[in-house]
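Enquirer: As given, the protein sequences belong to chains A and B, one line each in that order.
Counting from 1, position 70 in the first sequence corresponds to residue 70 in the working numbering; the numbering is continuous, with no gaps.
Counting from 1, position 13 in the second sequence corresponds to residue 13 in the working numbering; the numbering is continuous, with no gaps.
Read the hints as simulated data drawn from the structure, not as lab findings.
Note that this is a predicted model, so its numbers are computed, not measured.
Where hints are given, some of them may not hold.
[Claimed, not checked] Each pair of labels, with its calculated beta carbon distance range:
| hint | chain 1 | residue 1 | chain 2 | residue 2 | range |
| --- | --- | --- | --- | --- | --- |
| 1 | A | Gly147 | B | Val16 | 34 to 44 Å |
| 2 | A | Met113 | B | Asn139 | 15 to 25 Å |
| 3 | B | Arg30 | A | Ser21 | 52 to 62 Å |
For each residue, glycine too, the CB sits at the ideal point set by N, CA and C.
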Amino acid sequence: MLTTELLTKSFATRNAVSDISLSFPQGQMVGVIGRSGAGKSTLLRMINRLAEPTSGRITFEGRDVTALKGRALYEWRATCAMVFQQFNLVGRLDVITNVLTGRLYHHGFASSMLQMFSAAERAFAIRALDRLGMAHTALQQADTLSGGQMQRVAIARALVQEPRVMLADEPIASLDPLNAKVVMDALRTINREDGITVICNLHTLDTARSYCDRIIGLKDGVLVFDDVPAKLTQETAREIYGAEADDAFAEGLTSTSLGGKPAKERLTEADIAQRSPLGFAAS
Amino acid sequence: MTDATLATRSGESDAVTTFEQHRAELIRSRRAMNLLFIALFAAATVASIYVSRFYPDRLASGLPRIFEYFGTIMPNLELDKLFVGRGDDGRAVAGSIVYWYSDFWVYVRLIFETILMALTATILGAAAAFLLCFPASRNLAPNTIVYWISRRFMEICRGVPEILYALILVFAVGIGPLAGVVAIAIHTAGALGKLFSEVNENASMRPVEGIRGVGGTWFEEMRYGVVPQVMPNFASYTLLRFEINVRASSIVGFVGAGGIGQELNRVISLYSDDRVVAVLLLVVILVTMIDLFSERLRTHFIGKENFR
Chain A
1 MLTTELLTKS FATRNAVSDI SLSFPQGQMV GVIGRSGAGK STLLRMINRL
51 AEPTSGRITF EGRDVTALKG RALYEWRATC AMVFQQFNLV GRLDVITNVL
101 TGRLYHHGFA SSMLQMFSAA ERAFAIRALD RLGMAHTALQ QADTLSGGQM
151 QRVAIARALV QEPRVMLADE PIASLDPLNA KVVMDALRTI NREDGITVIC
201 NLHTLDTARS YCDRIIGLKD GVLVFDDVPA KLTQETAREI YGAEADDAFA
251 EGLTSTSLGG KPAKERLTEA DIAQRSPLGF AAS
Chain B
1 MTDATLATRS GESDAVTTFE QHRAELIRSR RAMNLLFIAL FAAATVASIY
51 VSRFYPDRLA SGLPRIFEYF GTIMPNLELD KLFVGRGDDG RAVAGSIVYW
101 YSDFWVYVRL IFETILMALT ATILGAAAAF LLCFPASRNL APNTIVYWIS
151 RRFMEICRGV PEILYALILV FAVGIGPLAG VVAIAIHTAG ALGKLFSEVN
201 ENASMRPVEG IRGVGGTWFE EMRYGVVPQV MPNFASYTLL RFEINVRASS
251 IVGFVGAGGI GQELNRVISL YSDDRVVAVL LLVVILVTMI DLFSERLRTH
301 FIGKENFR
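For reference, chain A alone in the conformation it holds in the complex:
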C-alpha cells in the first residue's frame, strides 16, 4: 500500500500540486490524467523523491518515505522505479549496461565504479530485456535505438530493480502509435504478471481508459477525479482537460488510438508463450 497524505509542492507563485491524498493498493494499475502543467509529473517525481514535497507525507507499507535520507533514500528509489518520457538512458553505454544500472543500489562503491556486474545479474538483465523483446540489441550502444526501443530498454532497467512500484511519467508521449501500444502492453503485462503497482501519467484519455484499473484526474494541481474508468463521464473529462479537451479526445480517435478492448483481453496466452526463456543466444 502506497499512500500520499496532503501532498503539496509549491513554487514561488502557485502550487504545482495541492493537498493530494491518495492510496494505492499493491498491484493496481493507475492512470493519472490531466492537461499539460496540471501537476502530473510533479506528483510522480515527488513519490520517487526526485522532487521534494513542500508539505505532506508519502508512506509505503506504513513506512514514511518523505523523510528518508542517504542509503535509505537510494533504497526507496530502487523500490520505486521510474520510467521517463525521454527514456533517460545513457546513450553512449550499451543496452545491457544500461539495464544493469538498475542493479546499482545493490552494489558497493568499487564494483559499481569498475562496472563489475555478476553473471547472475547479467542473466537477470537479459531475461528482463527478453521479456520486452529487446534481447537481440543487448550489445548495441543505446543511442542507436529508436524511441520505442529505448523506452522498452528503460522499462527493462526498471524491472531489474525488482521494484514494488513503477512510476511512468508520460511513457508514450514521445512515441508513435504502434510503439505506444507496445510500451503500454508491456507495462500492463508487468503489472499483471509481477504484481507491481504501476502509476502512469497519460495525456490521452483513451489510453488511460483501455489500460488502467483506476483513473486519477488532476486539474491545476488539485484532485478532481478518482474512480474506475467507467465512472469517468464526458463532462468530468471536459472539466479535467479544459481547453485541451478536444485535443485529448481527438488524439484518442486518431493518432494514438490503441483499440477499444482492454489490454488484458488483447494480450493472449500466445503473446506470453512467444517469449522463449533465453532469447539472447537464439537471436
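Got chain A sorted already, so can you dock chain B onto it with the hints?
Expert: Chain B in isolation, oriented as in the chain A frame:
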C-alpha cells in the same frame, strides 16, 4: 499563396508591421551598443600602445639586433668538411656536423627525459583534473561549498605559471626532473580541470536523472550518467595538454627542474655559441613531431564522435 494575397489580408499585415517595428528597434539598440564597444576598444588600444611604447621606429631599430644575435650563434659549417668524421685521435674537425653536434647523445638523452616528464605530468595532472572536475561543474556539484572549494583550488593550480612552481619545488625537492614533473602536473590539474568541468556543464542531464531514479549515489550518477558522455572530449583535451606540456617541460629546465631546458640554459649562459642553435633545432623538431602525432590521434578521437 503569392505576396499579393498575403499583403491584402489585413490581419497578417498587422502582425508584419509590428514585427518589423520591433526588429528595427532591436537593431537600433544593438547598433548603439556596438558603437560604444568599438569606441572603448579603440581607446584601450591607443592607451596600451602609449604604455608599452610600441612605436614603429623602436621596432625598426631593434630588429637588426635580433639577427645580430642569430649571427653569433650560427654554426660555422664548412661545405668540404661537412661529413668528415672523427679523426684517429678521437677529435672532431671544426666545421663538420660531428663537431657542431659533439654533445648529440647528451641532447638525445635530455630530450627523451623531456618527453617522459611531459607524459608523467600529463597523466598525473589529468587524473587530478578528472577527480576535481565533477564537483567543480555547476550542474553536478553536490553542494555549493564543494563547488566553491574545488573551483578555487583549480584556480590556484592554474593561476601560477609552471616555472614558478618549478622554482619553488627545486628549492624543496632539489634539482632534477621530479620538481619539473610535479610543477607541470599541478598546472595541468588546474587547466584541464577547468576544461573538463566546462565539458561536464554541457553534458545532458537526462542520463544523470535516470541513474538517480534507480537509486544511484552521486558517484554512480557521475560514473554512469556523465563519464560515458564526456570521455571522448576528455581524451582530446588531455592530448592537447600533452602537446602544451612538452613545450612546458622544455622550459622548466631553466630553473633546474630537469629536461632539455637545463642544457639550453647552460649553453646560452656559458657559451652562447653554435650549441644554442644545435639544442634549439632539436627542441623545434621534437615539438613539431609531437604536435603532428597528437593532432592525428585527436582528430581520430573527435572524428569518431562527429561523423558517426
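Enquirer: Each of the hints needs a verdict: does it hold here or not?
Expert: We went through each hint and held it up to the structure:
no., hint, in the structure
1, A:Gly147 with B:Val16: 34 to 44 Å, "holds, 38 Å"
2, A:Met113 with B:Asn139: 15 to 25 Å, "holds, 21 Å"
3, B:Arg30 with A:Ser21: 52 to 62 Å, "holds, 54 Å"
Comparing the model with each numbered hint stated earlier shows that all of them hold.
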